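Asks: Heads up: the sequence lines are chains A and B, in that order. Throughout the first sequence, residue numbering follows the working numbering, covering 1 to 675 in sequence. Throughout the second sequence, residue numbering follows the working numbering, covering 676 to 1463 in sequence.
Just so you know, these hints were derived from the structure itself, not from any lab. Watch out, some of these pointers could steer you wrong.
As the list claims (entries may be wrong) - Covered by chain A, per the in silico footprint, the following chain B stretches (three or more residues, Cβ under 8 Å): (1) 759-765; (2) 1365-1374.
Claimed, not checked - Lysine-lysine pairs mimicking DSS-like chemistry, simulated, CA-CA at most 30 Å apart: (3) B:808 to A:665; (4) A:459 to A:483; (5) A:665 to A:630; (6) A:374 to B:1148; (7) B:774 to B:903; (8) A:541 to A:483.
This structure is a prediction, so every number in the text was calculated from the model and none was measured. Backbone N, C-alpha and C fix where the C-beta goes; we use that ideal spot for every residue, glycine too.
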Amino acid sequence: MKKLTLVFFFLSAFILFGTQINAETGVRYRTYTLSNNRLVRTQTAYIPIAALDEIDGVSLYSPNDIHIDKNDNIYIVSTRPGNIGQLLIFDMLTQEATVLGVDYLVNPTGVFVSDNGDIHIADRGGRAVYRLNGEGEILQTITRPDSPLFAASDFQPRKVVADARGNTYVLNQGSLGLAQFSRHGDFLGYYGTNTITPTLRTILQYTFFTEEQRARLFSLSPPEISNVAVDGRGLIHTVSLGIDNHGVKRLNINGDNLLPAMINAPNLVDVYVGPIDNIFAITANGTIYEYDREGNLLFVFGGQDVSNQIQGLFEIPSAIAVDSDNNLFVLDRAAGEMQIFMPTQFANLVHLALYSYQEGDYTESQGPWEEVLKMNDFFDLAHQGMGNAHYSLADFEAALESYHTAFDRQGYSDAFWEVRNDWLLQNIGGFLTVFFIVLALYIVNLKAKFMRHVTSPVKRSFNSARRKFRLFDELMYVFTYLKNPADASFEIKRQARTGLFSATILLLIYFIFYTLYIYNLNFLFNPRIIGNINLAEEAIKVFLPFGLWVTSNTLIGSIREGEGRFKDVYITTIYALAPAFLILPFLTFISHGLTYNEAFLMDFARVIAIGLTVVYFFFMVKETHFYSVKETFQSIFISAFTMVMLVLGTFIIYILLNELVILLKDIVMEVIHRV
Amino acid sequence: MSNLIKKTLILTLVVLSGILAVKASVGDKAEFHDRPETFFNYIEGQKLNSSRYSRPEDLREVDPETFIPITTADALVYENDDYELYLNRATINFKVRNKDSGYIWATAIDDPIDAGTYDKLLRSGIGIEYINKHQQMSIRENVGIIDTEFTVVSEDIDRGIRLNLSIGGYCATMSCRNVYDDYLAGNRTLEQMIRIGFTQIDVDFALEVTLDEHGLVAHIPYDSIEEKGTDWITLSSIILFPGMGAAYLDEIPGYMVIPDGVGTLIRYDDNDRQFSTPFEARFYGANPGITTGRVSVSSHPLSMPIFGAVHGVRQNGFIAIIEEGDMNARLLAHPNGARNVDYNLIYTKFDFRQTYRQSFSSDGSGGSMRTAETAREDIRVRFNFLNGDAAHYTGIATNYRDHLKENGTLNPLDGAAGQIPIHLQFLMADSKSRFIGNTVIEMTSVDAARAMYDDFYGAGLQNQRVSLLGWNKGGYSGHLPSPLAYETSLGRRRDFEAFIDHVNAENQIYLVNNYHAATNQTGRISYRRDVATGVNRFRLERTNPHWVYTERYMLFPESTARLALRDLPDFEDRGVKILHEGIANVLFSYYDQGINTRADTYAVFEEVFEAYQSQAGYYYPNAYAYAHTDSFFHVPLYNSQLKYFDDLVPILPVVLSGHMELYSEFLNYNSLGRDQLLALIDFGINPAFILSENRASALRGSDIEHYYTSNYATWRGSVIEEYNFVNEALRHVIGRSITDRTVFESGIVEVTYDNGVRLLINYTSRPYETEESVTVAPLDYHVSGVAS
């Protein structure tokens, strides 16, 4: 999945080059949603309605964290100048603010409120985590545990959450995971630690580096957890820095991630879970992501404005929170502000649809999804929702179409299974009739042999055609090759059984097969988007490796005492590739009758074709160059290496030439512009 | 007792209907959210008091203590029946006293409080900016004239005075300032002074200030500007009247008026230094022909050359109309606290030269700074003073409307009763990449378009403005500018012609065209001849490998004109109008044998405007195109939404009301529902939709995927319903002008028209009871004052 950067837009910049702006809701960012793993524009989902630097007369100073309790009271911890912390509690109902903790908080960076109303504050400057009751009395103070399990040298709690059982989870500055404390404040251990995923590079480094180098390199720690939140069911969510597809995690009791790979930016700084378990995350440069409960991306919007002039964009966002009506509250530490965003009618519609959908009430969600689709025909999740609704109403044909539009292949497969089933049931009589007729004919033929009156003229004309048309004969030779590659290669090399022309035609036929395959393969098995296929690119994919192989194998053959000339290698390679390409029309055909349940048939056929090709290649090289087995292997490996070198060399020369051209151009340009 | 019961009953009814209406309007949200309706008062309050709406105005009277005094330094220069004009020669500060109200406007601040680096500029009636070629072309900004050695020679002219100003030396550094008195005493030589930063600016120009019955006119003739000094100091800008309308913190109730987008107010509230940067924007949008370091934060242009201020709502105000020099003027508006100055300021800078970076490498990197001439015009700004009820943003807008009527730019529309017009754009065709070349995506056939037109006509939408997008050969993207050649996969030429005639029989039909921008696959365009070059001689182009048409170009104005004029006869013969993209809202400098200014570009475009008079509509035209059309498409509903903007006010619609048919952007993309429809009614803007026969997802892979919903079948009902909602209000004011607009309380707005009709709009989620005991439902409106 690709990384994305969002840029807030300037109306004028789009007018300049002819594209008219179509949607204006007075917001300074675009809203995107996902359509076939690609971000596309959508209706504005949230509008900024306020940028407050004070609430009920209380300044926010440098606000660090925000939490909204189940009664929609807002809790904000800020740092005042001179290392004084404050907790601001704002009651949206009475619109009154209360300030607490000024006397003991130093640099509070995290706040959390349990369902029972207890307020938890992580005071990084004060090196302590406090638990207060609703009146602001301190019930408990957690300081650095003495336990030897507590690895960190320093206790600088940044964030804090608590679960329903009364356990407290503290995100300590620079530590590996969440430090878990019992209800009584005992340190229980670490939870939700990120791991380092080994990559090929790290493995190679680990293998080849000296002890010293390794020590320097592997001081690497796993990605740092940047923030934490709790959803309505008490599950802990974390966001981490520097992780591409698992930046947001929902942890089970073992600390394992329950969410699938999601699209996220690697610089997430806060996460919050909304009223219908929607996940909201914000990045260091102010981009807000909203996901549904399953981790599907709903909206991406927002952005950065370092000039601090534009409503709805942020300088340095520090925290996000969501109230029970999906209003977003985002703190901006640098601007000293809280911005409020309100969902639009469109976002409400999506939430309403999701609400029924997540409850499994697909038919109930159909109406809202239809409305969503009316507003945006590219919204995949809505198409998928419609598909599920159709499916649950047993309208499989309609479901098929919705799933197809949504690129939901699993759904499509399930619906297709049903459709196919219906079709088979309907036509079972016809099938049986045909089957028995054929069977009867076959049995009769065993005795009467009447079929030869049909087959022998065909055979005869086929053979005469082979005799008459050399090209046809040579093309048909590919089947002989399939039967015995070693002998056939020998014949081609030694007896000039086929020519360059027919081999080239065969190669072109391969390419036609390949083109038909990529265009016509069933949607279920075709990861390509038909509209995005670039035929030139596909031609390069087929012809370039082929050309490289032929060239390098010929060259290697000539220095390693191979007997194959260019022509021989060219022709035999084409014939040896037969299994890989001749299987394609077959695959294309059967793919249209299969669902994922029978996908192994496709894989099986592919494996056989590829396996055969490998074997044929071996014989081809061996016979063409007249090598021993060992020499054949050497020849193949060295040729492969040469292919890589050829590509690299060409690339380097291209870059150098390009630089030269630019240099010459710049010289001319400078002469013109300076004069 | 019975009274109490009655009251309780009414209260219950009102609350009940409110709850019902809210439920209906927000789409049964309560189903999954059960909570008292009062709960979100806080959020709704924040919304209605945000800069997305107009807030009630502060009607306090201006404290006479804060009136600017006329001192002994101010000499009476001229007076007429209404005003007296004073001048302080030492600071070039003009003061105008309203004889009736006694209110005084000054072009500078006599004694600014803690203005820091702006002190000298604010003390001066005029300022300059210059470029120092010896210091990497750095621009010395905000030099007040009193900070320089200047002489003034005055001569009386008709109704005013002409000042011949001669600016000499200027201390550009602290060390120069420190010893300047020493220098005056003769203890230091000029050479010594120059070495420590004393700069001989040596610029002369004349400032003519005259007074008429409306107010003040300031005029700086271009011919009078004379640069006599060294060739490495050169004038870049003149700052006119930096202190005009200045207000200290929240001392004066009132606001500044900026025509950003639809219009905005910055109120005189004490910001407690929340905002550090002033608003700065160029009139008519940025200049894409000059690459400057400064990036605009605006999303909307200042499309009209006006600004204003109100000191005491409905008491004193002024509107400044830039009559000449507007194409290279910047508007600056400082909310108090910006640049550490506690004044609210609004003034203009006129740029005669700008600096740009000249790169010498093909990737556009590196290079050195150079200057380009950007203006060769006079500066003429008219300050009309507004008193009493006119001292209001609607007064400012109506004053500008009157001004445009007087000079013949605006003409009244027919005020015929009937139905409001609706703009329906049919998305006909676009294209996407195929393995070889591109393939046309057929979105709407001609027959389907005709059927849609007839269907809506039959459903009561008889007043339609139809426009066709992608009607041309090859479809919309990448194929404009296009001559009259139809995309024949949608229908035969004959069908197109029949459809055009069919619509023209009762209504008007437009073809969308763009003579300003093209792509690498546009026919008729030659890269060498037609693609414009910016002042740095780089082509004005954008490339993006993800686009179907990977390169987009701006065309030389001459090429624009050549093609537009060549195609015009065909359009005229066919009787079809053109909806122009681009040319009415882009002005740029370009290089063609020499540097051409924005005014040069305009001069070429004007030929096109004139040739297409009554033959064209424009998207979001700037004020200079108003004279050439009666239809304004894509009227903005918002402004740039900067944090210091306080109110969204309809300056643009009020100016044009009754004189231009205004059409909104496509409501398909309105995610705010009723709220936005109410804004249309509030601002007097007619609805617009974009429709296609095919589903929008067919556009996947094209360059216009951002038209993500347009399907006629799904939109038909909404189009009719939303049209009727707006029509029921606006049909009473067709062709009429807005005269006033009042916000009674947050979210409750009343708009008054010149035929006495009043539209009361309720943006809130609660019913509102008027003085005449009419209850306006939540998110609804009420029409009154209709002559029976």
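Asks: Each of the hints needs a verdict: does it hold here or not?
Replies: Against the structure, the hints:
| no. | hint | result |
| --- | --- | --- |
| 1 | 759-765 | violated (count 0) |
| 2 | 1365-1374 | holds (count 4) |
| 3 | B:808 to A:665 | 28 Å, holds |
| 4 | A:459 to A:483 | 19 Å, holds |
| 5 | A:665 to A:630 | 52 Å, violated |
| 6 | A:374 to B:1148 | 29 Å, holds |
| 7 | B:774 to B:903 | 42 Å, violated |
| 8 | A:541 to A:483 | 28 Å, holds |
In summary, the structure is inconsistent with hints 1, 5 and 7 from the numbered list given earlier, while agreeing with the others.
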